[in-house]
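J.: Heads up: the protein sequence lines correspond to chains S and L, in order.
With my numbering applied, the first sequence corresponds to residues 257 to 462, in that order.
With my numbering applied, the second sequence corresponds to residues 128 to 867, in that order.
Rather than coming from a laboratory, the hints here were simulated on the basis of the structure.
This structure is a prediction, so every number in the text was calculated from the model and none was measured.
The reader is advised that the hints may include incorrect statements.
Claimed, not checked - Estimated spans, in silico, between C-beta atoms of each pair: (1) L/E733 x S/D283: 57 to 63 Å; (2) S/D283 x L/A548: 53 to 59 Å; (3) L/W154 x S/T329: 22 to 28 Å; (4) L/W154 x S/E402: 37 to 43 Å; (5) S/I296 x L/P764: 17 to 23 Å; (6) S/R403 x L/A757: 37 to 43 Å.
Virtual Cβ for every residue (Gly too), placed ideally from N, Cα, C.
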Amino acid sequence: MSELAFFIDYSRCIGCRACVQACEECDTHRGVSMIHLETIRRADTVQTAPQVCMHCEDPICARVCPADAIKQTPDGVTQSALKPRCIGCSNCVLACPFGVPKYFGAIDQMMKCDYCYDRTSAGKRPMCATVCPSQALAFTTREEIERKRQGTAINLWKFGGEVVRTKISVIVPSGVSEIRIGESALSRAGGPAGATEDVAVLLGEI
Amino acid sequence: MAKLPAPLSQIVDRFGPHTKGVPAGGWAPIGEPDRFVKTHCCFCGQQCGIQLKVKDNRVVGFEPWEDFPFNAGKLCPKGVKRYMQDEHPDRLRSPLERVEGEGFRPVSWDLALDRTAKEIRRIQERYGDDAFAVLTGASLTNEKAYLMGKFARVAVRTANIDYNGRLCMVSAAAASKKVFGIDRSANPWSDIPKAKAILVAGANVADCAPITTDYLWQARENGAKIIVLDPRMTPIARTVDLFIPVRPGGDIGIFNGMLHVMIERGWVDREFISEHTTGFEKVEESVRKYTPEYAGRIAGVPPAMIVKAAEIWGPAETSFLLHARGIEHHSKGVENCMAAINLVVATGRIGREGCGYAMITGQGNGQGAREQGQKCDQLPGGRDIENPDHRRFIAEVWGVPEESIPHKGLSAVPLLEAVHAGKIKGLLLICFNPMVSLPDQNFIREALEKLEYFAVIDFFLSETARFADVVLPGSLMEEDEGTTTSVEGRVIHHRKAVEPPAGAREDWRIVCDLAARLGAGVKFPYGSPREIFEELRTASKGGVSDYFGITWEKIDAQKGVFWPCPSLDHPGTPRLYEGARFGHPDGRAHFQAVEWRPAAEEPDAEYPVILTTGRVVSQYLSGTQTRRIAGLMAQEPEPFCEIHPNLAARYGIEPDGFVSVESRRGSTVVRARIVRTIRPDTVFVPYHWPLARAANNCTIRAIDPVSNIPEFKICAVRISAAPRPDDAIARLPPEAGGIA
Numbered sequence: 257m258s259e260l261a262f263f264i265d266y267s268r269c270i271g272c273r274a275c276v277q278a279c280e281e282c283d284t285h286r287g288v289s290m291i292h293l294e295t296i297r298r299a300d301t302v303q304t305a306p307q308v309c310m311h312c313e314d315p316i317c318a319r320v321c322p323a324d325a326i327k328q329t330p331d332g333v334t335q336s337a338l339k340p341r342c343i344g345c346s347n348c349v350l351a352c353p354f355g356v357p358k359y360f361g362a363i364d365q366m367m368k369c370d371y372c373y374d375r376t377s378a379g380k381r382p383m384c385a386t387v388c389p390s391q392a393l394a395f396t397t398r399e400e401i402e403r404k405r406q407g408t409a410i411n412l413w414k415f416g417g418e419v420v421r422t423k424i425s426v427i428v429p430s431g432v433s434e435i436r437i438g439e440s441a442l443s444r445a446g447g448p449a450g451a452t453e454d455v456a457v458l459l460g461e462i
Numbered sequence: 128m129a130k131l132p133a134p135l136s137q138i139v140d141r142f143g144p145h146t147k148g149v150p151a152g153g154w155a156p157i158g159e160p161d162r163f164v165k166t167h168c169c170f171c172g173q174q175c176g177i178q179l180k181v182k183d184n185r186v187v188g189f190e191p192w193e194d195f196p197f198n199a200g201k202l203c204p205k206g207v208k209r210y211m212q213d214e215h216p217d218r219l220r221s222p223l224e225r226v227e228g229e230g231f232r233p234v235s236w237d238l239a240l241d242r243t244a245k246e247i248r249r250i251q252e253r254y255g256d257d258a259f260a261v262l263t264g265a266s267l268t269n270e271k272a273y274l275m276g277k278f279a280r281v282a283v284r285t286a287n288i289d290y291n292g293r294l295c296m297v298s299a300a301a302a303s304k305k306v307f308g309i310d311r312s313a314n315p316w317s318d319i320p321k322a323k324a325i326l327v328a329g330a331n332v333a334d335c336a337p338i339t340t341d342y343l344w345q346a347r348e349n350g351a352k353i354i355v356l357d358p359r360m361t362p363i364a365r366t367v368d369l370f371i372p373v374r375p376g377g378d379i380g381i382f383n384g385m386l387h388v389m390i391e392r393g394w395v396d397r398e399f400i401s402e403h404t405t406g407f408e409k410v411e412e413s414v415r416k417y418t419p420e421y422a423g424r425i426a427g428v429p430p431a432m433i434v435k436a437a438e439i440w441g442p443a444e445t446s447f448l449l450h451a452r453g454i455e456h457h458s459k460g461v462e463n464c465m466a467a468i469n470l471v472v473a474t475g476r477i478g479r480e481g482c483g484y485a486m487i488t489g490q491g492n493g494q495g496a497r498e499q500g501q502k503c504d505q506l507p508g509g510r511d512i513e514n515p516d517h518r519r520f521i522a523e524v525w526g527v528p529e530e531s532i533p534h535k536g537l538s539a540v541p542l543l544e545a546v547h548a549g550k551i552k553g554l555l556l557i558c559f560n561p562m563v564s565l566p567d568q569n570f571i572r573e574a575l576e577k578l579e580y581f582a583v584i585d586f587f588l589s590e591t592a593r594f595a596d597v598v599l600p601g602s603l604m605e606e607d608e609g610t611t612t613s614v615e616g617r618v619i620h621h622r623k624a625v626e627p628p629a630g631a632r633e634d635w636r637i638v639c640d641l642a643a644r645l646g647a648g649v650k651f652p653y654g655s656p657r658e659i660f661e662e663l664r665t666a667s668k669g670g671v672s673d674y675f676g677i678t679w680e681k682i683d684a685q686k687g688v689f690w691p692c693p694s695l696d697h698p699g700t701p702r703l704y705e706g707a708r709f710g711h712p713d714g715r716a717h718f719q720a721v722e723w724r725p726a727a728e729e730p731d732a733e734y735p736v737i738l739t740t741g742r743v744v745s746q747y748l749s750g751t752q753t754r755r756i757a758g759l760m761a762q763e764p765e766p767f768c769e770i771h772p773n774l775a776a777r778y779g780i781e782p783d784g785f786v787s788v789e790s791r792r793g794s795t796v797v798r799a800r801i802v803r804t805i806r807p808d809t810v811f812v813p814y815h816w817p818l819a820r821a822a823n824n825c826t827i828r829a830i831d832p833v834s835n836i837p838e839f840k841i842c843a844v845r846i847s848a849a850p851r852p853d854d855a856i857a858r859l860p861p862e863a864g865g866i867a
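Please model the entire structure based on the sequences and the hints provided.
T.: Here it is, written out as structure tokens:
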């Protein structure tokens, strides 16, 4: 049986925040949610995007940590900063291209999504992907994604000249092999490219 | 008396709503719970499976129930946070009695029940049996819904019992009965991903039925073309093949226009129509004038959209229709639904795999609660209260003379109008919060203030319970046991997780205690909800919604049983109408010709804008449960008014500024949310908040003549920029109707 993996499909996100609410139920950080839901220009669109830690293959947050507090497990999961080591400098917060780590002043420590390690290491699915009602977040096999979903699951990102490969994949239109931030729409919209979401324009009223 | 017994702020201080953001036992890791209880969400009609974590007789968290077939572990934010209701500080823990000028004081159960029984009989002796009414709810279990219908007719002996499903599902139910002869979604949700064309009419599934979105997205992955009708671009509308931003009240234009094009292009199944239906000639005649141009004018959309919709729907191999409150909450809600269903029947795409239709239930037990006899016009099993055979059958089950069963009483809105008119003097209410959920709030408040005696069974002091003479503290879903019937028609089992707190009682015990005090104890001898279910099974036997073959054991073994299930060896019926056998005695589907007509109140020069109302994903119904959960309140701290920038510019309304929305009946002042995702002639306000923030201050009491559902989805308003309110209500916490 193939290994279970984490996939994000922004075209399915309905902005309900079940992921955010469920994340704070995780035993390792109860009461604090480690997933963000981005609302993208609400004045113009209902598009939303969930953001978990992407678990980079070569995590920049760990590389820039002066205290060597951020560890990666052998199976590629980047953990929150270790309590005794974290010096609260926020280098990781500034360095992450996805804007994921958060510094919590009250405990003087960086925390972030850890792939629900308490659950995934015990064969369970992460809380957010389990509850996601639209399955914009899915924890399943790559075979199942390829069999059941249109589009392609990719994990290659280009932030300018910086190339980042992540443990988590996103589903994009077929034919797309990498995501260039700032150039490629993340949405897998059914309508033609650039289709308006202004209802007045749809109705012919300018 | 039925007036607030103390200043509002004093009542809110003591009884809330306050928000709770920390689970019982705190956020510290809880380790292994004592047990996991497999049960269901207490909120909307999808009734998702969920496991509650219980430790020391407290619900301390949840765990997804991934084996339950409908939701496979998926939950919306309400489902995730539902467990926070347990051990809530606002929880009522003693019967309460109003004390003028002071508020509410705790009293003993005996005193509260004795007084209620005495007042019921006093009012009835003085004004007649029907002067005491009972209002109930569609979130009650099947057992409690059955009990309330029997209690009103056998113990109270009133005709006037109705329920808040009257605000929700009744138009869909009436339309379905007229066309198909059966009131239930025709298909299980597993048929949705198999459909090639899907029409979602007036259903904001992302906010109101989130689990359904996965079924729709699965269909999209399988190549289905999806059409969405809504005045707002909802999250589901954003990436579908055709979004039709219909003008509120214009839906019949779309449906009849589509059918017009389909007939013209030969996309109706003439063979199916002649073999399995009646009445198509009249429909064909009636849609002749609904050319795309005429239909487009009615619907307020370009005619090309209607043609494109017909091109998607007409020639599809398989198709599925989903509709919800968007087309049902109208003074022509039944006609809207029938016009939509005509599109299904005309193509013959029903009763097969991937072919069918469904009404999306809003309330937790919206389906089951209306089958068990708490509607003013129905007896258990979906039986007709005016049908002598049906009356005799139920009279025998109940062990009462047939003539002692009252005839049809008043439905919810006319019932409150009768209270306002002084014809009904006393009211017992359970699981209903009219002081948020009914239209024309000023009128409803005036009505409550006229009651001579008002008793409420609830577990929180709802906005309506504040007006009560006596409040009887009832139970949460996880403190009782019973069944509900989900949006699919699947009867499921809610298991008991914890005991009610000291001072509160299970609702069914309260009702049985009251029945005993009314001298009907011998008819209410139940020792458990299971005993009520056993009687319900018999009472439904041979009815349309036949539960006779359903047992709690079978529900547990099969993870739900679909009705009808007429015998113990019957597996249940997930898909109705297989083999094109419909529920009418002639076995045929009955087409209903429908003409468009205007709403009860259309915009005019004085009130030029359409107000439409609806939900947000983090709140449930009148919010009396969800406004008490901090995480859910944080998602939408207060109501808002969505306005298109073109309309906002006309009235000088600024983003995040305050806007006054005013109708002939009342007004609300809420924050403006200026978005391009709504029609420029329409504004939207969610209805979950009370008092000065209530969308229902503005809405109209116009009702559908058949279903009696109110026209929540359209009334005429004027809007204007307003300063931030700074009165006593605005200073309440947002969950109580204040401003953050």
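J.: Look at each hint and say if it fits the structure.
T.: Evaluation of the provided hints:
1. L/E733 x S/D283: 57 to 63 Å: Check passed, 59 Å falls within 57 to 63 Å.
2. S/D283 x L/A548: 53 to 59 Å: holds (58 Å)
3. L/W154 x S/T329: 22 to 28 Å: Between L/W154 and S/T329, where Cβ atoms are some 25 Å apart, the hint holds.
4. L/W154 x S/E402: 37 to 43 Å: About 39 Å separates the Cβ atoms of L/W154 and S/E402, which means 37 to 43 Å holds.
5. S/I296 x L/P764: 17 to 23 Å: Holds: the Cβ-Cβ distance is about 21 Å, inside 17 to 23 Å.
6. S/R403 x L/A757: 37 to 43 Å: holds (41 Å)
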